[in-house]
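Residue numbers (the working numbering), protein chains in the order written: chain F, 1 to 114; chain R, 1 to 155.
Hints were generated in silico from the structure; no laboratory data involved. Note that the coordinates shown come from a computational prediction; the quantities given were computed from them, not determined experimentally. Ideal Cβ placement from N, Cα and C applies to all residues, glycine included. Among the hints, erroneous ones may be present.
Some chain R residues close to chain F (C-beta under 7 Å, calculated; not the full set) [claimed, not checked]:
| id | residue |
| --- | --- |
| 1 | Leu-10 |
| 2 | Asp-11 |
| 3 | Leu-50 |
| 4 | Val-52 |
| 5 | Gly-58 |
| 6 | Ile-62 |
| 7 | Arg-72 |
| 8 | Ser-73 |
| 9 | Leu-74 |
| 10 | His-118 |
| 11 | Gly-122 |
| 12 | Ala-125 |
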Amino acid sequence: MTALGQLVYLGDLDLLLREARDEASRLRLRKLGFELAGLERLEAARERLAAAIERRWMVMYERARQRYGRGVAAVRERVCQGCFVTLPTSVASRPGAGETPGLCESCGRVLFWG
Amino acid sequence: MTLGTAPSVLDPSLYIPELKTRRKDAALADLVSLAHQAGVVRGPELLRELLVMRERLGSTAIGKGVALPHARSLTVNRPQLVVARSRRGIDWDAPDELPVTLVLLTLTPGEWGEEAHHAFLGRAAAVARLQRNRQRLLDAASFDDVASVLREVGR
Numbered sequence: 001m002t003a004l005g006q007l008v009y010l011g012d013l014d015l016l017l018r019e020a021r022d023e024a025s026r027l028r029l030r031k032l033g034f035e036l037a038g039l040e041r042l043e044a045a046r047e048r049l050a051a052a053i054e055r056r057w058m059v060m061y062e063r064a065r066q067r068y069g070r071g072v073a074a075v076r077e078r079v080c081q082g083c084f085v086t087l088p089t090s091v092a093s094r095p096g097a098g099e100t101p102g103l104c105e106s107c108g109r110v111l112f113w114g
Numbered sequence: 001m002t003l004g005t006a007p008s009v010l011d012p013s014l015y016i017p018e019l020k021t022r023r024k025d026a027a028l029a030d031l032v033s034l035a036h037q038a039g040v041v042r043g044p045e046l047l048r049e050l051l052v053m054r055e056r057l058g059s060t061a062i063g064k065g066v067a068l069p070h071a072r073s074l075t076v077n078r079p080q081l082v083v084a085r086s087r088r089g090i091d092w093d094a095p096d097e098l099p100v101t102l103v104l105l106t107l108t109p110g111e112w113g114e115e116a117h118h119a120f121l122g123r124a125a126a127v128a129r130l131q132r133n134r135q136r137l138l139d140a141a142s143f144d145d146v147a148s149v150l151r152e153v154g155r
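Generate coordinates for the entire structure from the input sequences, incorporating the hints supplied.
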């Protein structure tokens, strides 16, 4: 898995973790017929993944996550879906854009080009 | 938004009339692959891993031959429903232990909130909860027949 892939998966696991830890969320899911059990398994998977990610990216990710609740933001039509700022064309046309981690210059979230 | 009023949610290219596999993980991989080919998903391997992880936290089979795997993920570009059938049935660790013959994969983008994600999932669950709908989905001869069932739910 690439560094960007690891960060995106970590972002998804954190969304799932938040859902699993939130009582109101679990209640809504239970009403639909679903259980979210085995929280410790999810936490362990998150821990393993975080340990495998390069430290500098983890620092950036955690900084944005603690500030905004999410460390990664999707990019759609050159707009960061975290802060809704249009990214400069220089960022979009950068070699490797979309393949390697990059940060939104406005909010600092890791960008994932969808 | 309802399943019936969001045309992009119903896409004929995101329908598998008969899954070839009888394994849950392989079925999820087939569904994700289809969504990837349709441009709904970027990074299909990440989404597949997430769906497998979700299954480990509790089966998404709700009984009566129905599974509703679901994910809210950064890899998903737009809300989407992927529909698949398996006449032979798939072992999905269902609460009633019945094999799954109908799979409705619900995908929402990572930027969606939990409530919106659950509301979308709830609409898919509403389709599957009615025996009449399940039978019509299983008997559907074409995607148009499938879409007509899903549209009815939104009315």
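Structure-based check of each hint:
1. About 20 Å separates the beta-carbon of R/Leu-10 from the nearest beta-carbon of chain F, more than 7 Å, and the hint is not met.
2. A least Cβ separation of about 17 Å between R/Asp-11 and chain F goes past the 7 Å threshold, and the interface hint is therefore violated.
3. Proximity of R/Leu-50 to chain F holds as hinted, the smallest CB-CB distance being about 5 Å (cut-off 7 Å).
4. Because the closest C-beta pair between R/Val-52 and chain F is about 11 Å apart, greater than 7 Å, the hint is violated.
5. Restraint check, R/Gly-58 versus chain F: the minimum CB separation of about 4 Å is within 7 Å; hint holds.
6. Look at R/Ile-62: its Cβ gets to within about 4 Å of chain F, closer than 7 Å, so that hint holds up.
7. With its C-beta approaching chain F no nearer than about 6 Å, R/Arg-72 sits inside the 7 Å limit, and its interface hint holds.
8. Because the beta carbon of R/Ser-73 sits about 5 Å from the nearest beta carbon in chain F, less than 7 Å, this interface hint is met.
9. At about 5 Å, the closest approach between the beta carbon of R/Leu-74 and any beta carbon in chain F falls short of 7 Å, and the interface hint on this residue holds.
10. Contact between R/His-118 and chain F, as hinted, is supported at the beta carbon level, the nearest pair being about 5 Å apart and thus within 7 Å.
11. Evaluation of the R/Gly-122 hint against chain F yields a held restraint, the C-beta minimum of about 5 Å falling below 7 Å.
12. Restraint check, R/Ala-125 versus chain F: the minimum CB separation of about 5 Å is within 7 Å; hint holds.
Violation of the numbered hints given earlier is confined to hints 1, 2 and 4; the remaining hints are satisfied by the structure.
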